[in-house]
Amino acid sequence: MDATTPLLEVEGLKVEFKTRRGIAKVLEGVTFNLEPGKTLGIVGESGCGKSMTALSIMRLVPIPPGRISAGSIRLKGEDLLQASEKRMRQVRGKDISMIFQEPMTSLNPVYSIGDQIAETVRVHEGLSRRAAFDRAVEMLKAVNIPAAEKRVNEFPHQMSGGMRQRVMIAMALACRPSVLIADEPTTALDVTVQAQVFDLLKELQEKTGTTIILITHDMGAIAEMADRVMVMYAGRAAEEATTEQILTAPKHPYTQGLIACVPHMADKPPPERPPLTEIPGVVPALTDLGSGCSFAPRCPHAMDHCHSQMPQPQELGGGHRVACWLYQEGAVA
Amino acid sequence: MKFLSVILQRLFYAAALLLAVIVFNFILLSLVPGDIADTLAGESGGASAEVMAEIRRSYGLDRPFYVQLGTYVAKVVQGDLGKSYYFNEPVINLILERVGPTLLLVVTALVMAILIGTLFGVIASKKPNGLFSHFVTVLALVGFSAPVFWTAFLLIVLFVAMLEIMPLSGLADPTTPRDTFAWYLDVAHHLILPVLSLSSIYLAQYSRLARASMMDILGSDFIRTARAKGLGDTAITYKHALRNAVIPVITIAGLQFSHIFSGAVVIETVFTWPGLGTLAFESILRGDTPTIMGILFFSAMIVVIVNLLTDLAYRIVDPRIRSARNA
Amino acid sequence: MADTEAPPTPMDDTEPVRIEHPVVEFLRMYLRNWAAIAGFLMFMAIVFAALFAPALLQRDPFEMVWMPFSPPGKDGYLLGTDNLGRDLLIAVIYGARATLAVGASAAGITIFIGITIGSLAGYYRGWVDEVLMRITEFFQVLPPLLLAMVLVSLFSPTLPTVAIAIGVVSWTGVARLARAEFMRIRELEFVKAARSIGSRDRRIIWRVILPNALPPLIVNAALTVGVAILFEAALSFLGLSDPNVMSWGKLIGDNRDYLLDAPWTVTMPGVAIFLTVLSVSLIGDGLNDAFNPRLRER
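First to last, the protein sequences are chains A, B and C. Numbering of the first sequence is given in our numbering, commencing with residue 1 and proceeding in unit increments. Numbering of the second sequence is given in our numbering, commencing with residue 1 and proceeding in unit increments. Numbering of the third sequence is given in our numbering, commencing with residue 1 and proceeding in unit increments.
Simulated from the structure, these hints should not be mistaken for laboratory data. Hints are supplied without guarantee of correctness; some may be wrong.
Here are the simulated DSS-like pairs of lysine-lysine, each with C-alpha atoms no more than 30 Å apart in a straight line [to be verified]: (1) A:LYS150 / B:LYS239; (2) A:LYS94 / B:LYS126; (3) A:LYS14 / A:LYS38; (4) A:LYS18 / B:LYS127; (5) B:LYS126 / A:LYS14; (6) A:LYS38 / A:LYS76; (7) B:LYS127 / A:LYS86; (8) B:LYS127 / B:LYS239; (9) A:LYS14 / B:LYS239; (10) A:LYS141 / B:LYS239; (11) A:LYS150 / A:LYS207; (12) A:LYS86 / B:LYS239; (13) A:LYS86 / B:LYS126; (14) B:LYS126 / A:LYS18; (15) B:LYS239 / A:LYS94.
Build the full structure now, drawing on both the sequences and the hints.
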């Protein structure tokens with residue numbers, strides 16, 4: 001496959017949840033492409049749809065109450081939303097893997113970590129017990145777990161959070177998937193361990209060429225890991241661009257706000273950077289989104305028609321896309 | 001090595017508990033108004049004070065309390081539970097004759113309750129609002145609320161009186177030659193109704209418990225991980241969830257073993273099952289105190305042994321316990 | 001699931017929140033549950049029958065009123081007559097008294113011993129906990145019904161003995177629950193606050209921790225009443241209760257030999273036990289749901 005063909009194309013993805021207050025539109029037309037070997041960062045506040053995007057790709061959205069109502073997710077051309085559940089089971093763990101936020105609870109407490117890594121390999125590659133176990137040891141070595149031969153027989157509760165996250169990574173990469181989705185992989189870890197996990201992910205990506213989707217609310221992690229960034233707000237992509245563009249020239253007021261929230265974004269903060277701020281207000285309820293831009297109530301630049309009409313994503317050149325009236329043709333900036 | 005020392009520690013605890021039961025038995029006996037002399041004298045229609053004193057001396061009742069206690073403990077530890085007033089035979093022999101049928105009944109009922117209860121719970125948890133799930137809820141309520149002897153009588157009316165496919169009582173038909181294959185089959189046949197009645201209560205409770213714990217576990221993070229690995233429903237339910245869900249069931253079953261044993265006492269009297277329960281009941285009616293106290297001690301011993309085994313089973317199923325206690 | 005993007009939206013807390021008195025909320029939750037209401041009404045009906053029917057009926061439940069084994073509904077006896085020609089309906093109504101009285105007082109004893117031991121163990125921890133838990137384990141090892149049988153037979157088969165025996169053999173579950181609750185609550189901030197202003201242990205145990213430990217204990221108390229009633233029934237069924245007092249278990253025990261010929265003599269009093277315990281369990285379930293409204297919603 002040549003380097004510019006997208007590995008994964010997500011288009012117009014819509015997900016709804018039935019709640020007691022009505023239908024919550026969790027995703028409202030999310031579109032993005034994934035280039036092989038690169039890392040896409042997805043950022044946003046809690047509840048913006050980051051994790052739901054990931055779960056949709058895995059087809060793990062709980063149904064009911066959830067429902068994928070529109071869109072397509074094409075992996076190497078195959079639409080996963082049309083695939084059978086049987087086919088999806090082949091895809092999960094083999095073509096697309098996922099690691100989660102909580103390494104403490106994401107491993108089964110009653111099986112050894114070797115069992116759990118070997119299980120993935122046995123399911124997808126039909127290896128013998130022995131061979132699968134050897135692979136488990138090999139993977140533990142690959143994620144830099146010392147004394148892998150010994151630790152392979154240990155149980156999750158005998159390991160620290162950082163170690164468990166390494167085990168999760170080993171498990172996720174055991175079948176050499178083309179896409180790895182990391183959903184806030186370091187949120188539950190100590191700061192020093194966070195850096196180690198990111199270094200490990202980068203190292204493994206260089207070795208294996210795995211494509212990574214990194215879901216986070218940490219702009220620092222984005223700066224370190226991502227090639228491209230998609231900023232999500234209330235179930236939509238507010239802005240999508242290269243990491244450099246996002247960090248140095250954010251266009252969407254929400255992105256600007258996110259970056260202003262983070263201290264020491266670059267090594268040398270530009271002197272004109274505004275002082276550390278916060279974005280006023282909270283994410284709106286997804287059950288009663290009006291017809292206007294969902295960020296408008298919190299936006300410092302909101303104009304009249306921002307409240308009545310939803311801006312569509314606009315290509316600004318150089319792959320920089322933003323959904324904001326400030327940049328729409330004919331609008332007054 | 002650590003494991004061994006844990007086992008030793010458990011054994012020590014168990015021995016201490018049993019010692020406490022012996023002491024308790026003795027204290028209970030000494031609290032009871034009247035003693036063996038009164039009983040024997042009562043049976044022979046009265047006796048003079050001298051004879052009474054003689055009897056008391058021969059049974060060691062004239063010696064100080066702590067000496068009597070010491071003698072009693074020493075005897076019990078050596079397996080001497082005294083002589084039955086009624087059979088005039090060592091109590092331990094009576095108990096050993098009867099313990100087999102009781103264990104057969106109790107263990108079969110317990111295993112059935114755990115297996116079927118867990119299975120029901122697992123099925124119900126797949127559709128928390130489905131028909132079967134409601135059935136499990138109702139079953140749990142009914143199982144808890146029905147007195148065990150009444151359940152037994154209802155089963156008798158249905159299977160013995162109306163359908164005539166089950167025997168009414170006993171261990172086996174007396175005409176079947178003992179220890180033949182036909183006899184074992186006959187025992188199994190006779191076992192069905194007692195086991196059904198006894199396990200009904202616990203089956204109901206365990207299915208509800210297993211349902212709740214399965215639902216809890218199916219929503220946990222590691223189940224999501226298992227799905228993300230590409231595992232199918234069967235592997236997720238029976239490999240990843242079940243083993244975790246069965247832990248609380250084993251815990252409760254272990255804790256409740258003495259209750260199941262209690263239930264067996266009632267069930268045995270209903271079905272005239274020749275076990276410890278009928279012996280205990282009949283001995284109480286006969287005022288055969290040594291036998292009663294012997295059975296009380298012996299049942300406590302069985303419960304202690306079962307608790308040890310549960311503890312072991314628990315360690316096998318749950319590695320967290322294994323190392324938590326080892327550490 | 002530790003999913004930060006759960007569908008319930010973060011705006012929830014910006015809506016005006018109606019603050020309800022906990023008792024009002026509790027009642028509202030309880031009354032939403034028709035099974036719990038049914039259980040409550042059924043239990044009240046049984047209690048009223050036990051309290052007032054004897055005074056209104058003025059009958060002797062032991063009296064032979066008709067020929068034995070008259071089937072239900074025949075000859076004007078709604079539930080039929082038993083082996084001694086006693087009117088089963090009258091016997092069942094009178095039997096409710098002993099069963100409920102023994103059941104309630106045994107449950108009271110159970111709860112009192114259980115909460116006392118559990119709260120002391122859970123609050124003081126250390127050696128107090130060690131000693132009390134060893135005692136608890138001791139009682140868990142003895143088969144409860146067998147021990148109750150032994151106690152009743154060694155002492156005297158009267159209603160108070162039966163109630164005490166049941167209480168003595170069944171408190172361990174309550175003690176464990178109370179201990180766990182006390183251990184959990186004693187670490188909470190408001191208990192530390194109470195301790196920091198110099199409250200005495202006794203005040204902290206009874207006035208600070210106990211009220212907060214009550215919901216699970218109350219639910220458990222309902223179940224305890226059910227279990228105590230079943231115990232009483234089993235003991236009187238085995239003939240280990242006061243022979244001069246009519247009770248449901250005794251009625252079944254008296255008639256058990258005629259089960260195959262006159263099944264109603266055994267099944268009818270059994271229905272009474274079953275319905276009583278069922279009503280108590282329904283109340284217990286209702287209380288549980290009302291105390292934990294979140295559990296219901298899933």
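Hint by hint, here is what the structure shows:
1. A:LYS150 / B:LYS239: Roughly 24 Å separates the two Cα atoms, so the pair holds.
2. A:LYS94 / B:LYS126: holds, 26 Å
3. A:LYS14 / A:LYS38: With Cα atoms ~25 Å apart, LYS14 of chain A and LYS38 of chain A stay inside 30 Å; holds.
4. A:LYS18 / B:LYS127: The given pair, whose Cα atoms are some 18 Å apart, holds under the 30 Å limit.
5. B:LYS126 / A:LYS14: With a Cα-Cα distance of about 27 Å, the restraint between LYS126 of chain B and LYS14 of chain A holds, given a limit of 30 Å.
6. A:LYS38 / A:LYS76: holds, 15 Å
7. B:LYS127 / A:LYS86: Holds, at roughly 21 Å.
8. B:LYS127 / B:LYS239: holds, 18 Å
9. A:LYS14 / B:LYS239: violated, 33 Å
10. A:LYS141 / B:LYS239: Judged against 30 Å, a Cα distance of about 27 Å means the pair holds.
11. A:LYS150 / A:LYS207: With a Cα-Cα distance of about 25 Å, the restraint between LYS150 of chain A and LYS207 of chain A holds, given a limit of 30 Å.
12. A:LYS86 / B:LYS239: holds, 19 Å
13. A:LYS86 / B:LYS126: holds, 19 Å
14. B:LYS126 / A:LYS18: Holds - the C-alpha atoms of LYS18 of chain A and LYS126 of chain B are around 20 Å apart, at most 30 Å.
15. B:LYS239 / A:LYS94: It holds: about 20 Å lies between the C-alpha atoms, which stays within 30 Å.
Violated hint for the displayed structure: number 9, the only one.
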